[in-house]
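As you go down the protein sequences, you meet chains A and B in turn.
Quick note on numbering: the first sequence equals residues 431 to 665 in this note's numbering.
Quick note on numbering: the second sequence equals residues 416 to 734 in this note's numbering.
Calculated directly from the structure, the hints in this document are not laboratory data.
As the structure is a computational prediction, the values presented were derived from the model and not from experiment.
We put the beta carbon where it would ideally sit given N, CA and C, even for glycine.
Be aware that a few hints might be false.
[Stated by the list, open to error] Computed, partial: chain B to chain A, Cβ under 8 Å:
hint	residue
1	F525
2	A526
3	G598
4	Y600
5	E606
6	D607
7	D609
8	Q612
9	A613
10	G615
11	I616
12	D617
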Amino acid sequence: MLRVEGLDLFYGDAQALDGVTFEVKEREIVAVVGANGAGKSSLIRTIHGMHRPRAGSIRFEGRDIVGQPSHRICELGIGQVAEGRQIFPSLTVLENLEMGAALRRARAQEKASLERVFGLFPRLAERRRQAAGTLSGGEQQMLAIGRCLMGCPRLVMFDEPSLGLAPIVVYDVFEVIRRLNREEGITVVLVEQNVAQSLRFADRGYVIENGRIVMEGSGPALLADDGIRRAYVGL
Amino acid sequence: MRARVLLSLLAVALVAAPFVVSGYLVSVLIVALYFAYVGQAWNIMMGFAGQLSLGHALYVGLGAYTAAALFVQSGVPPWLGLIAAIIVAMAFAAAIGFLAFRFGISGVYFALLTIAFAEFTRIGFDHFGWVGASAGLFLPVSQRSGSDLLALRGTPTMFYYVILALAAGAFALSRWLLTSRIGFYWMAIREDQDAAQALGIDTFRYKLAAVVVSAAMTSIAGVFFAFYYNNLFPEQIFSIGRSIEIILGPIIGGLGTLFGPVLGAFVLQLLAEALREGVSALGLEIPGLTQVFYGVCLLVVVMFLPNGVWPPIARRLRL
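Turn these sequences into a full structure, and let the hints guide you.
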């Protein structure tokens, strides 16, 4: 579904991504794990058209999307739940969700999408008139996911959805992502620092270090790797 | 409902004002309405879309010079000149917006860019012979027997109603924009541009739209300025001081609100005028007093009412 090959990204002279190659198949959950600053967010933002790579290709369903502006990439069905949630704090929950249906592909289904999001997250329905900034961290993360779903994406990239959340809430967020994948067939790219949990959860994983993919494999296989256990899992 | 009643009362008071108050007060009200109008135009860009322009005098000047020069040099009637003025201002705005947003210039750097363009243009016009260069451009003033709206020549009362209509039109347009799809996208961009982009909002296009709409509206104020004051100097009309005057009203009144620019302009202009009168009644002449007064107002608002004067009043009135 998504194929990234030899992606190089520079911020000025500093190289953020170095020949990144990875692939996501339809209906898969793929985790890209690595330490802070390894290039995970850069990767997502580059796929989403927010940075222009110096070299490499990004193909979505066979079509090269490098150089396309973000809104076009969204129209193709690639959604993003950005790091730190990025909700609009002074707007209400409902307005935040409506903002998610800005895409042409999503406008006609706005009502149905709203029902679907409220079905997934009853808490958001209860608080629809409340300013989004007054929600708890976990609720804000749910709102960010719901808002992304309003755009009817087929592939969603999650950037550190567990960041700053209590362990029990992290569990809920991961559960929601799993449901979206299983029940709605949404393909998932999960970028995480929370290595153990995301590898346990993903079908396949990639390990990124200093902008380079250094290892790939099935989630359990990577988790069993001694190097990874020592470096990231702390066992 | 309450808002509608209050708005109607305000409208009636403003329409009736020239019949009630003195000619001197009408001229003060013209200035206040002028700033309410340009404030509203600037508010679309900054208050709605979050793009800070510190060079809005550019569009006032372009509008003023385009219509006035066409009138003086070729006898083009002001309402046709107005269309030309709008087109020129929109072209400049589109060029500046394109440069800035295509290359990701935002925030403080964008504001600096707007200042730079206003300054370039001021210096350019200082050497632009066709419009009188630094010696200024003067519109012929004949003895007025009556008011001629088509030629935009007439009594202060006529100009009063012209600027009142403009201010009302800008208010209505802002209101409509706020509730439209584009107003919604502007809000998203203002709140968090990255998030807006991640949702698939074409931030480039909507930011550009904000700049162009705001510039077009501001250029109309320039045409009004030219035909009301009848003389134009690049050093005055394009100066950064003018740009600052434009933005004080909306900031003091309340950024991003509909009434903020109107309230801010009236509070500032009426108080400044009262201060000037009061000081001169004491037989004193203090140059720069108005600027000091503006500064004090700004300081007070920033310290005690960071959202502007209007939001707390709106709450008190339960609007």
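Each hint, compared with the structure:
no.: 1; hint: F525; result: violated, 18 Å
no.: 2; hint: A526; result: violated, 22 Å
no.: 3; hint: G598; result: violated, 12 Å
no.: 4; hint: Y600; result: holds, 7 Å
no.: 5; hint: E606; result: holds, 4 Å
no.: 6; hint: D607; result: holds, 5 Å
no.: 7; hint: D609; result: holds, 6 Å
no.: 8; hint: Q612; result: holds, 5 Å
no.: 9; hint: A613; result: holds, 5 Å
no.: 10; hint: G615; result: holds, 3 Å
no.: 11; hint: I616; result: holds, 5 Å
no.: 12; hint: D617; result: holds, 4 Å
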